[in-house]
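Residue numbers (the working numbering), protein chains in the order written: chain A, -11 to 148; chain B, 138 to 729.
If you're looking for bench data, these hints aren't it; they were derived computationally from the structure. Bear in mind the structure is a predicted one, so any value in this text is a computation, not a measurement. Hints are not guaranteed to be accurate.
Far from chain A, some chain B residues (derived; all Cβ distances over 10 Å) [what the hints assert, rightly or not]:
1) 151
2) 159
3) 165
4) 176
5) 222
6) 303
7) 331
8) 365
9) 644
10) 684
11) 724
Computed list of lysine to any residue pairs in SDA-like fashion (alpha-carbon distance at most 20 Å, straight line) [as the list claims (entries may be wrong)]:
12) A:28 - B:314
13) B:592 - B:432
14) B:623 - B:532
15) B:709 - A:124
16) B:313 - A:-4
17) B:605 - B:340
18) A:105 - B:158
19) B:311 - A:119
20) B:659 - B:726
21) A:28 - B:655
22) B:313 - A:105
23) A:105 - B:165
24) B:623 - A:116
25) B:311 - A:105
26) B:583 - B:532
27) B:565 - B:314
28) B:370 - B:313
29) B:273 - B:589
30) B:659 - B:688
31) A:28 - B:271
32) B:397 - B:432
33) B:313 - A:-2
34) B:311 - A:-4
35) B:583 - B:271
36) A:105 - B:432
37) A:105 - B:150
38) B:313 - A:116
39) A:105 - B:340
40) A:105 - B:675
C-beta atoms are modelled at their ideal positions from N, C-alpha and C, and glycine is treated no differently.
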Amino acid sequence: MDKRVYLNLDLCCGCKSCAAACSYPYFDHANLTHSELDEKAALPLHCMHCELAACAEACPTGAMKKDEDGVVRRGGFLCVGCYSCISACPFGVLPDELKYHVPAKCDLCSDRLPEGKIPRCVSTCTSGALTFEDVREAAADEKKVWISARMRSNVLFRRR
Amino acid sequence: MFCSMGCGFLIRTVDGRPRELDYDLDNPVNKGSLCPRGNYMLELLNNPSRLEGARIKLNGSFYSSTFDIALSEIYGHLSEIKRAHGAGAVGIMVGPNFLNEDIAQVFAVAKALGIASVDVMLPLEDSLLLSGESTKLSSPVKKLSVEDIADQEALLVVGDILVRSPVTSKMINKVKYGVRGSKIIVVDPERSHTSWFSTRHLQVKPGTEALLLAGMIKAITEGAKKGRALALKKYFKEIDLKQISERTGISTQNIIISAKEFLSAGKAAVILSSGTRDKRLMEMAKLLCLVSGEGKGVIPFYACGNSLGAYKLRTVLKSPGSLTAAEIIDNAASSKIKALVLIGVDLLRIAPTATVKKALSNLSFIAAMDMYRTSVMDYADVIIPLSSHLEAKGSAVYSGGRVQHFEPVSPPAGSLAVRDAMAKIFMKMANAKARSKKLDPSVLAKKALKKFTPKAGVSVPALINEVKAVRRQKPLSGFPFQVMLKDDIVHSSDGSITARHYWAMRECGIPYIEINEEDCRKLSITEGSRVLLRTPWGEVIVIARVSSRWQKGTVALPHHFQEIREISNIGKDEATGLLCFYPFAGSLERIS
């Protein structure tokens, strides 16, 4: 299983339903937040589960680590709430406040994946902007690495 | 029930208790997508502020009671007041957030009890659009359903549909990116989320949407040589495009080009979002479709799930000459009505006007039924907790006239369905025989919905005059800012079913005001500073948000706050007698 959540910035309508979907089942301990670019486009900030995860490298206790399936997860017991991962994240995805003394962390809805379902933020996406795709397929498709057409003249945003 | 889209969803239960929301990926309407409001729908069932058990007020404080005693208390008071002051002294109001069966039952029981003053309290932002449902034009306009949006070549979107019903964005994206050359024309005073996706954004002055559509019809009929456009040409002769251009703030050329783009598309739709507070917008949209030929249709969206169903039932089931909701409030204020039963209607949240406040203090008996503890319950004598639509079986009518059926998720705990409460009140009066067939609410609702037919009515010249006349109001001196009421994406309508939801409160729990950057600079207002907004109806302190979305001289506030509704212009529409929002003005002052 090497699937990740991808964002198509051109489609997102800024409805925040991904943030709501992430918030509710995790008891308001959600990783997905929302931002707006210059009042011209919406940008859901979701964890990208990076190849070289800066948050995992910054973690002093080894709570945050990359699992065998490539998903970066935070173990509950080892985490001491030191903010290292939050400051290390280059995308500013980890919300900068602790809840229950630990930071929120996306685990790609690991309760749903074994049942053959896709993560909540992707299922609820109203515009089809968030997709759940195979990493290799997405990387092979040259069209997929793009700059938003709608934002071309203003902000450059390149997807990972 | 959060809008008239009618999205499908699944709720997983464990041992009969709701546990988790799941996405219905096979649903033809939403394909699994849900808006933020839909995502925390489970809170309708498990919110800690849900009422449980009936309450009766004695000597100023509430005491727990059984449903039976509380309902006989209601029946006793109603019949007593009826005997003393006549049948006209009792009123019943029901909200639009209920299923058809519940609303039909309210009307049936009221009829059986001999109460004529019974009405649905429709959401204020829907009133003007809904009144267009019953106006019939000489030839019928194609009615589109929600799923049809994706097949269009051109869309004319009035208002910010992606905030009101964001699930449409999948379909709008299909139109935008599907076929090369598709047009999306957005008519909205705000540079909104919807306008991001437009190919042409007509940023009109607030409240001139209908006038702009009239201008587009004029542009189409001017060059018409055959068909309906030619037949309607004479009515639009006196309309001057230059005047329209001045009042709407859109150049003549832009109006003509938009009209041509709409006309030249093979299949096109006008999408009307609720909250567009403009009179006769629906009729103008229908006329635009008529004059631009085959393949054009209208699809209106409403603020509450069953607004359309409630409106249709109301039109059919109301006995002729009986009072409307607005008249019931007026009569209560003048003490003609002594007792009022409010079913899912939080009057203080929906329309907190001076008349409503006077009416509530003048009434000698108020029975309030609702899911949550509402502010109107401070005045109530009896409180009955109601179950939500997730706990009842029944149907609702959504956009495009689609009837959708609901299955109960769990049995109502500590609360009653509206239909059961009404049936029990009825049982206090009648013996067991009488109830058998007469009061089957599902049969009644089905029959009534079938009966609904639009009335023939308003002539085209009268329509045009009305549209033109509304815009002639002069601005009041001392109130330089045009105030707009806007929707917030996490709240539904007046917020009576979303205001207590945790995520909604966190995202939008404090009243705010959006002000144009230039106006902010002039008044030295910065992001987050406190601002005093003064209108002819009152004052409110709100937090400022500097924004480039609005034109100079226009400010916007979310309308789901009671404080904001208190200072807004709520009036009665003359044609239909429904309460609605009117455009209003205000002045700003920085206080810290």
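Which hint numbers doesn't this structure obey? 2, 4, 6, 7, 9, 10, 13, 14, 15, 22, 24, 25, 27, 28, 31, 36, 39 and 40
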